[in-house]
Amino acid sequence: MSEQGRSSLEANALSLEIDEPGPPLIHEQGETEDELSTHNPIEFEAALSSTDWTVETLVNQMRKGRINLNPDFQRRNAWLDQRKSQLIESIILRYPVPQLVLAEDPAHEGVYIVIDGKQRLLALRQFCVDKDDKRDREFSPLKLQGLKILTDLNGLYWPDIQNMYPAMAARLENQTVRTVFISKWRSQDLLLSLFLRLNTGSVTLSPQELRQALRPGPFVEWVDLSSGRSQELRNLLGSTQPDRRMVDAELLLRYLALRFSTHPYKGNLKKFLDDTCASFNKDWPKSRTRIETGLVDLESAISAGREIFGSHLCRKWTRDRYERPFNRALFDIQMVSLTEQVVREEMLRNAEDVVEGFKLRCDHDSNFVRSITTTTKSVEAFLTRFEAWRDIVREATGRTFRIPASLDAGRIF
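Quick note: to get our numbering, add 13 to the position in the sequence shown (first position is 1).
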């Protein structure tokens, strides 16, 4: 093969990893490798192996539940149908596609968590739907579209290709995909580190997807479903559907953790959110009503915040303009303050003063600016921005709000 041809094929394979533009950009104020609970090299040891599984084998493994691919994940399609179709076309044409990375679930031998490649697997699962198999009923069949080479396949479903183009159907099923397996891993930090390093495309992905796989339970499932259905969270992120990177789920979890978690925040956001999930999963029957009320409060806060700031809610002010990226640190302080009804009503009545106070603080308070930009996750940064925002609200409205108890509990005196 010529160098030019090889480059073309490689470009095709790599293009499968690049996502379409999503909702407004998100600052890197979520979980990072800096927050891993251990940096002991022994904790990052694992057994690695690889094999070339055929597409038919992959689909059968997913159908049997051996590859953890939650059907609800379809609601958060990061790939449009045309892009899924291009993957199918690439496999039929025997183009190289990126490898899959799976980690064995330590609680279920022979069951795997997807570390990298969930969208590719979902595309295969949706395309190879068998309408006569009850295990496939939760998956929406994929109709091929937008194909540039195998144009005769546009508009066809999998059964159509099996009937009309049996040779192509056999080629798809028999084509192999390199699959890397991770087993005997000691720490979830290893999986988070891998997830963050592998998902380095043009769109920043949220570790919330990995948390769902590692910490399943009724609370985590509720966060996924409720955040995906929340119109106010969609409004906040400028989206018309559940966020493809699960940022909506992460924001809901972050808000609920700050409001209701009994765990003190000690500067490690990942641990704080993980511990919150574990607690509420365990105590879900007792906590559910309070948590569901918390979502209603958050939606009221977002609605009021949009009245005050418009499309600039949770965006930083810099001299003469608002920055475009969504700012998680501002989300924390603005949503917590707007949760309290009396404070919310006064902020709405004094919206211009609130906005002006915020702009002045961004222009003249370097400590506040650092706490919402460069150093956002330390206990000191959380307290700095909450206390500064409380001052802004008090000066504008004469009211104050409560700083989350989890932050005061983590304070070092």
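Calculated from the structure, these hints are not laboratory results.
Beta carbons: idealized from backbone N, C-alpha and C, even for Gly.
Careful, some of the hints might be misleading.
No more than 30 angstroms apart at the CA atoms, straight line, and that leaves these computed lysine-lysine pairs for DSBU-like [said to hold, decoys possible]:
| no. | residue 1 | residue 2 |
| --- | --- | --- |
| 1 | Lys372 | Lys77 |
| 2 | Lys77 | Lys144 |
| 3 | Lys197 | Lys284 |
| 4 | Lys77 | Lys147 |
| 5 | Lys284 | Lys295 |
| 6 | Lys299 | Lys329 |
| 7 | Lys279 | Lys295 |
| 8 | Lys329 | Lys279 |
| 9 | Lys161 | Lys147 |
| 10 | Lys197 | Lys77 |
| 11 | Lys161 | Lys144 |
| 12 | Lys197 | Lys329 |
| 13 | Lys156 | Lys77 |
| 14 | Lys295 | Lys329 |
| 15 | Lys299 | Lys284 |
| 16 | Lys197 | Lys144 |
What follows is a list of derived Cβ distance ranges for each label pair [what the hints assert, rightly or not]:
| no. | residue 1 | residue 2 | range |
| --- | --- | --- | --- |
| 17 | Gln112 | Asp143 | 48 to 54 angstroms |
| 18 | Gln112 | Glu320 | 46 to 52 angstroms |
| 19 | Glu305 | Gly251 | 51 to 57 angstroms |
| 20 | Arg191 | Glu320 | 48 to 54 angstroms |
| 21 | Arg150 | Gly123 | 20 to 26 angstroms |
| 22 | Lys197 | Glu151 | 30 to 36 angstroms |
| 23 | Ile162 | Leu211 | 27 to 33 angstroms |
| 24 | Pro277 | Lys161 | 53 to 59 angstroms |
| 25 | His121 | Lys284 | 33 to 39 angstroms |
Structure-based check of all given hints:
1. Lys372 <-> Lys77: 55 angstroms, violated
2. Lys77 <-> Lys144: 15 angstroms, holds
3. Lys197 <-> Lys284: 22 angstroms, holds
4. Lys77 <-> Lys147: With Cα atoms ~11 angstroms apart, lysine 77 and lysine 147 stay inside 30 angstroms; holds.
5. Lys284 <-> Lys295: 16 angstroms, holds
6. Lys299 <-> Lys329: 38 angstroms, violated
7. Lys279 <-> Lys295: At roughly 22 angstroms apart (the allowed maximum being 30 angstroms), lysine 295 and lysine 279 satisfy the hint.
8. Lys329 <-> Lys279: 25 angstroms, holds
9. Lys161 <-> Lys147: 33 angstroms, violated
10. Lys197 <-> Lys77: 22 angstroms, holds
11. Lys161 <-> Lys144: Distance of about 28 angstroms is within 30 angstroms: holds.
12. Lys197 <-> Lys329: Between lysine 197 and lysine 329 the Cα gap is close to 44 angstroms, so the pair fails against 30 angstroms, i.e. violated.
13. Lys156 <-> Lys77: 23 angstroms, holds
14. Lys295 <-> Lys329: 37 angstroms, violated
15. Lys299 <-> Lys284: Judged against 30 angstroms, a Cα distance of about 23 angstroms means the pair holds.
16. Lys197 <-> Lys144: It is violated: about 37 angstroms lies between the C-alpha atoms, which goes past 30 angstroms.
17. Gln112 <-> Asp143: 48 to 54 angstroms: 26 angstroms, violated
18. Gln112 <-> Glu320: 46 to 52 angstroms: Holds, since glutamine 112 and glutamate 320 (Cβ atoms, about 48 angstroms apart) stay within the stated range.
19. Glu305 <-> Gly251: 51 to 57 angstroms: 25 angstroms, violated
20. Arg191 <-> Glu320: 48 to 54 angstroms: Since arginine 191 and glutamate 320 have Cβ atoms about 52 angstroms apart, the given range 48 to 54 angstroms holds.
21. Arg150 <-> Gly123: 20 to 26 angstroms: 24 angstroms, holds
22. Lys197 <-> Glu151: 30 to 36 angstroms: With Cβ atoms ~32 angstroms apart, the hint holds.
23. Ile162 <-> Leu211: 27 to 33 angstroms: Holds, since isoleucine 162 and leucine 211 (Cβ atoms, about 28 angstroms apart) stay within the stated range.
24. Pro277 <-> Lys161: 53 to 59 angstroms: This hint holds: roughly 55 angstroms between Cβ atoms.
25. His121 <-> Lys284: 33 to 39 angstroms: Distance hint for histidine 121, lysine 284 is violated at roughly 24 angstroms.
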